[in-house]
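The task is simple: from the sequences and hints, build the whole structure.
As you go down the protein sequences, you meet chains Z and D in turn.
Letter 146 of the first sequence, counting from 1, is numbered 146 in this note's numbering, and no numbers are missing.
Take any residue in the second sequence, note its place counting from 1, add 180, and you have its number in this note's numbering.
Since the hints were derived computationally from the structure, they do not count as laboratory data.
Built from N, CA and C at the ideal position, the CB exists for glycine as well.
One or more of the hints may lead you astray.
As the list claims (entries may be wrong) - DEER-style ranges, computed between Cβ atoms:
(1) D:Asn337 - Z:Val179: 26 to 36 Å
(2) Z:Gln113 - D:Gln205: 35 to 45 Å
(3) Z:Gln92 - D:Ile296: 23 to 33 Å
(4) Z:Ala109 - D:Gly298: 31 to 41 Å
(5) D:Gly298 - Z:Asp12: 38 to 48 Å
(6) D:Ile213 - Z:Glu58: 37 to 47 Å
(7) Z:Gly90 - D:Arg302: 19 to 29 Å
(8) D:Ser332 - Z:Val179: 39 to 49 Å
Protein chains: 2
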Amino acid sequence: MALIILAHPNFDKSLANKAIIEELQNSSLDLEIRNLHRLYPDYKIDVKAEQEALLRHETVVFQCPFYWLNVPALLKLWFDEVFAYQFAYGSQGDKLKGKNFVPSFTVGAGEEQYLITGKHHRRIYEFCKNIEQTAYYAQMNYTDPICLYGSSGGTENEIKSMGREHARKVITCLKALAVA
Amino acid sequence: MALIILAHPNFDKSLANKAIIEELQNSSLDLEIRNLHRLYPDYKIDVKAEQEALLRHETVVFQCPFYWLNVPALLKLWFDEVFAYQFAYGSQGDKLKGKNFVPSFTVGAGEEQYLITGKHHRRIYEFCKNIEQTAYYAQMNYTDPICLYGSSGGTENEIKSMGREHARKVITCLKALAVA
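See below:
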């Protein structure tokens, strides 16, 4: 049903991302989850394997923490290498055309920090023009990020609970895309 | 005088970036150039060494190709790890306060592709809100990117010539910042 590209440098110790992935795994959805940091701890991405995974699905969720106002480095490397010429773009580069591109972020700060009065001043989507254009250039259908805000605050139970709630939003999104 | 953080996955085979670095090295400026892909081919960044380099300078130039509308992955990792809590931000994280942050990009496509009528629709600076906010959050003085457009076109000599011209713009910028 969908491919989940998970990028978290320390997934086993994460609270929010782990809760999200567990809730997705416990759902009835048929998901292929690729944990990039587990697959490629040395940053040597198997480009062919990643491209083949993309070809198997119509929807791709990018699940990661929002680091320095964008995706983690390994996910950036994944775009740099997997979204290759004549695969994602170029005269024959239409392999991703029409597929759905769904960013799903855990964000340390609260949503109010992403308003003009907050410390980051801009909304999340304004920091994601590069990702949005990456999807557009690969002829994919970009969805505005689904965000879990405040993942660096709260008790362990609160964060896990937010993670499960977030996963349910992702599931709702995937179900809507599947019938669209 | 300035720290040059160079991030190019294949610097030895690059034309534009190599010409830029050579022209900078041939200048009379006192520059410390750190070639990240040569220092860290395994993506294991020596965070302390990088922070110490930052402390030695008042101006930092980030020299790299513009990949997928943003910085290369290793430079993103550098921000994720080197711009650490209580170094770049946090209650005691003022170590970069007042330093100059100068992005210097080689861009494959022509400048016309970064207009609304071009294939990327937005100007380079619009894709860099994440980098701009990274600098701002670290209390640095962000300069709009200095760009060499069209680095993927032209003959070898043309590209090298553009590289040298670009380096002279960077040198002019560094001299202006030094007397500011």
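Taking the earlier hints as the rules, which of them does this structure contradict? 1
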